[in-house]
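Visitor: Here is what each chain is made of, one letter per residue.
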Amino acid sequence: MFFYLLRRILYAIPIALAVGLFCFMLVQIAPGDPINAIVPADAPGDVVEQVRRDYGLDKPLPVQFGIWLWKVLHGDLGRSLATGRSVWSDLSGAIVNTLRLAIVASGLGFIMGCVLGGLAGTFRGSVVDRAAVGIAVAGVSVPHYWLGMVLVVVFSVQLNMLPAMGAGPSGSGDWAWNWEHMQHLILPAVTLAVIPMGIVTRTVRGIIAEIMSQEFVTALRGKGLTRGRIFVHVVKNAAPNALAVMGLQLGYLMGGSILVETVFSWPGTGLLLNNAIFQRDLPVLQGTILVLAMFFVALNLVVDLVQTALDPRIKRA
Amino acid sequence: MSMSTTPSAAEAELAVQARQAAVKSQGYWAGVWKRLRRDPVTIGCALVLLAMFLAIVLAPMIAPHDPYQGSMIRRLRAIGTPNYPLGTDELGRDMLTRLLYGGRLSWFMGIVPVVFAFVIGTSLGVLAGFAGGKVNMAIMRTTDIFYAFPSVLLAVAISGALGAGILNAILALTLVFIPQIIRVAESVTTGVRNLDFVDAARASGASAFTIVRVHVLGNVLGPIFVYATSLISVCMILASGLSFLGLGTKPPEPEWGLMLNTLRTAIYVQPWVAVLPGVCIFITSICFNLLSDGLRQAMDVKA
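Line order of the protein sequences matches chains A and B. First residue of the first sequence: 4, per the numbering used here; consecutive thereafter. First residue of the second sequence: 418, per the numbering used here; consecutive thereafter.
Everything labelled a hint here was simulated from the structure, so no lab data went into it. There could be a bad hint or two in this list.
Unchecked claim - Partial list, derived from the structure: chain A residues whose beta carbon lies under 10 Å from chain B:
hint, residue
1, Ala-19
2, Leu-24
3, Phe-25
4, Tyr-148
5, Met-152
6, Val-153
7, Met-257
8, Gly-259
9, Met-297
10, Val-300
11, Val-309
Fair warning: this is a prediction, and the values are worked out from it, not measured in the lab. Glycine included, every Cβ here is placed at the ideal spot set by N, Cα and C.
This is chain B alone, in the form it adopts within the complex:
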C-alpha cells in the first residue's frame, strides 16, 4: 500500500513544483514586461530605435537619392533646400540619403563587436567563475592586463597597428569589450556557483556541463545581457570615433563617424549640415543607454 502511494505522492509533489516553477517563470517575464510598460522613457527609446532600425534597413526604398552620386554644382546646400531636405555634403551628395545609408555601417559596427564579445566573454567568464582555482587565475589575470588600458586607447592601439578597415575595427572593439564582459560574467557566476541548488544538482549526479547549462547559465545570462546592452552605446561612439580618425570605414562609404570627419572642413560654410551625423550618433547612443537602464530596472538586476 505504502509502496504504491509514496511514488505517486512524490510525483504529485514534483508536478506541483513544476507547475509552480512554470507559473513563477511566467510571472517573472510578465513582471518584467509589466514594469517596462509603465516606463514611458524606456518604451519611447525602444520605439525611436525601432524607427531608426527600419529606416536604415529600408534605406534603398525610402532614400530619395543615390548615396554615392555627387554633383559639383550643388555642394553644401543648407538644410531645407527643395529636394534636399537635410542639405548636401561637401561633394554634393544628398545628406538624408547618406545618413540613412550611413546608419547601416554605424549600427553594424556598434552592435557586432558587442555580440562577439558577449559570446566569447560570457564563455570565458562563466568558465573562470565555475572552474575557479588555476583556470580562474589564468583568465582573470589576463583580463587585468587589458584593464591597464583606457578603452579608447586600446581600440586605437589595436586598429592603429592593424591599419584602417571595417574588419580590423571590429576586431579591435571586440577585444576591448571581452575583458569587461568576462569580469561581469565571472563575478555573477561565482555568486551563483555556491548556491544550494547547484550543490543539490551536483549531489544528484549532474555533470559539470549539465549544471552550467541548466542551472548556471539560466541565472547569469540575464545580468550579463543587461550589461552588454549598456556597452552598445559605448561601442557605437568608439566605432564612429575610429572612423572619425580614419581607422574604420574608408571613403566614399557612408558612415556617421567618417561623415563627421569629412564634413569637418565645412563647419565654416554649412555648420548645421556638418554636425548632422553626430546628432544621429548621439540619438542612437542615448536611446541604447536609456533602454539598457530601463531593462536593468525592469529585470531587477543589481550591479
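One chain only, chain A, in its complex shape:
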C-alpha cells in the first residue's frame, strides 16, 4: 500500500514534466518566430535582439526549455503581450472564478446524476430507467454552449428573470455569496452541470445495477432487511467509484468551461483563454493551459489516492 502510494506520486512527476514540455512546445509550433510571443511586432530591431538574448532564445531548444522550466517553477509565467501585466496576476483571479463555477456545477451535476442514476439502476427496465437514460444521453450530446444560449433566451430575454452575463452587478467585481452575485452563477452553473449529470447518471446506473445483481444483496434480502437498509449497503459499495468519476469531472469542467464562460462572459480562465486566442497573446495561452493541465494532473493523483484509501477492496502493491 505504502509503496503503491509512493510509486503513484513518483509517476506523476514525469507526467508533469511532459505536460510542461508540451506547453513549452505550444509557443514553438505557433506560426512565426517565438520572439513575437514576447515582444510586440512593432518593436525596434535592437530591442528584439536584446530581448532574444535576455530570454535565452538564441540558445538551443533544450537549454531554452530548462530556462523556461526554472522560471515556471519560481512562479514566473511571463508577461501578457496585450496588457503587459504578469500572466500569473491575471490568471490567479481567473482561476478562483473558474473554480467557483466548476465546483458549483459539478456538485449540481453530481447530485442530479446520482439521483437519476440511482433510480435508473434500482428500477432497471422501468419507465423511470428509460427516462433517466434518455436525459443522460441528451446531457452528453448537447452542445453546452448552445444550451447556454437557449437558457439566456428563455430566462433572460423572454422571462427577464436572471442576468445573462458577467459574475456580479459590476460585471466582474469581487465575489460575495449573496443573491446579487449568485443569480449570475445560476445559468452558467446549470449549463455546465449538464455534462457531468449525463456521465454520472450513466456511471451510477451501471454501478448500482452491477451491485444489485451480486449475491450479498440477495443474502441481505433473504435475511429480511428492509429496502432502506439494503440501499445503505449498496450506496456504501458504490460510493468510491462514483466519487472517483466525479473528481475527474471537476477537472474536465475546469478545462472545459472555456465555451460556457465565453457565452456568459464569466471572468474565469476560459474567458482569459478566449481573449488570449483572439489577441494571439501566446504567453497567456501557454500559462493558462499549463496551470489548468497541472491542476488536472494533481486532481488525477488525488482521486487515485483517495479512492485507494476509501475502498478497502482495492489492494494495490
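Given chain A, work out where chain B should sit, using these hints.
Guide: Same frame as chain A, but now just chain B:
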C-alpha cells in the same frame, strides 16, 4: 489404404470447419442485423442521419437561395417569413440555405478527425498491445501525457497555438482522439493476444504480420469501430465549439458553430432564429450517440 484415407478425412474435416466458420460468420452479422432491426431507436436515428446527410450533400440542388448572398433590407426575419421558412441571419442571408450548406463543414469536421484518429490510433494501439514490452511502454506512456489534458483544453491549446483554420482544427481534433483510440485498441488487443488461436497460428509458423492481419484485426476492429462511432458525437460538438470560439472555420463560410457565434448578438432580436444552428448540432450529435449505443448492443461489444 490408411495413407489415402487419412488426408481425405482431414480434408473433409477442414471443409466442415470452413463451412461452419462461414455459417457462423454469416450468423454473426445476420444476428447483428436482426437485433438492429428490432431496435426502433437505432433505426430511427440512422434514418434521421441519412436524411440529413442527403440534404447537405444535395444542398446546391435543394437550397432555395444563395448561401453567401445577403441583403441589408431583410436582415433577421422571423421563422415562417414567406420565401424564408427559417428566417434570415444577421446579414440577411436565408437561414435554411445556410443551415443546409453549414452541415457540410460541420459533418466533415465531425467525422474526418475521427477517421484519421481511428486509422492511426488502431495501428499504434494494436502494435502496442501485440508487441508488448518496451514498445508498449513507449506508446502507452506517451498517451498518458495526452490524458493529462481535458479534451476541450487540448483541442483549444493546439488549435489556439496554430491559429484559426479548418486544417488546424482537424489536426488538433485528430490529436485529441488518437490517445483515446490507442487505449481501447491496446486493451482489446492485449485481451486477444494470449488466446489459444493466436498461439496455434504462431505454432503453425505464421509470421507476426499474418497473425495480426488475420487473427488479431478481425477480432479487435469491431470493438474499436464501435468506440470510434461514439466519438463522432463528441468530435462534432468540439469542432463546432472551436468554430464558435473563432478557431475553426472563418466567415463568411457557413458552419453551424460559427453561425451560432455570429448570431449570438441577435438573441435579443430573433432568439429562435439564433439558436437554430445549435438545434442542428444537437440533433446530429444525439443521433450519432444513440446509433453508437445501438451498434454496441447489437454487436455485443463489452466495455
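Visitor: Does the closest beta carbon of chain B sit nearer than 10 Å to the beta carbon of Ala-19(A)?
Guide: At 8 Å from the nearest chain B Cβ, Ala-19(A) passes the 10 Å test, so the hint holds.
Visitor: Double-check Phe-25(A) for me: the hint is only fine if its C-beta lies closer than 10 Å to a C-beta in chain B.
Guide: Because about 7 Å separates Phe-25(A) from the closest Cβ in chain B, which is inside the 10 Å limit, the hint holds.
Visitor: Would the stated hint for Leu-24(A) survive a check requiring a Cβ distance to chain B of less than 10 Å?
Guide: Since chain B brings a Cβ to about 8 Å from Leu-24(A), closer than 10 Å, the hint holds.
Visitor: Report holds or violated for the interface hint on Met-257(A), using the least CB-CB distance to chain B and a cut-off of 10 Å.
Guide: Constraint on Met-257(A) satisfied, holds at 7 Å.
Visitor: Report holds or violated for the interface hint on Met-297(A), using the least CB-CB distance to chain B and a cut-off of 10 Å.
Guide: With a minimum Cβ separation of about 9 Å from chain B (threshold 10 Å), the hint on Met-297(A) holds.
Visitor: Have a go at the Tyr-148(A) hint: is there a Cβ in chain B nearer than 10 Å to its own Cβ?
Guide: holds, 6 Å
Visitor: Return the status of the interface hint for Val-153(A): holds when the least beta-carbon distance to chain B is below 10 Å, violated otherwise.
Guide: holds, 5 Å
Visitor: Under the criterion of a CB-CB separation shorter than 10 Å, is Val-309(A) in contact with chain B as hinted?
Guide: violated, 18 Å
Visitor: Does the closest beta carbon of chain B sit nearer than 10 Å to the beta carbon of Gly-259(A)?
Guide: holds, 4 Å
Visitor: Given a cut of 10 Å on the nearest C-beta pair, is the interface hint for Met-152(A) held or broken against chain B?
Guide: It holds, given that the least Cβ distance between Met-152(A) and chain B is near 6 Å, below 10 Å.
Visitor: Have a go at the Val-300(A) hint: is there a Cβ in chain B nearer than 10 Å to its own Cβ?
Guide: holds, 5 Å
The structure shown violates just one earlier hint, number 11.
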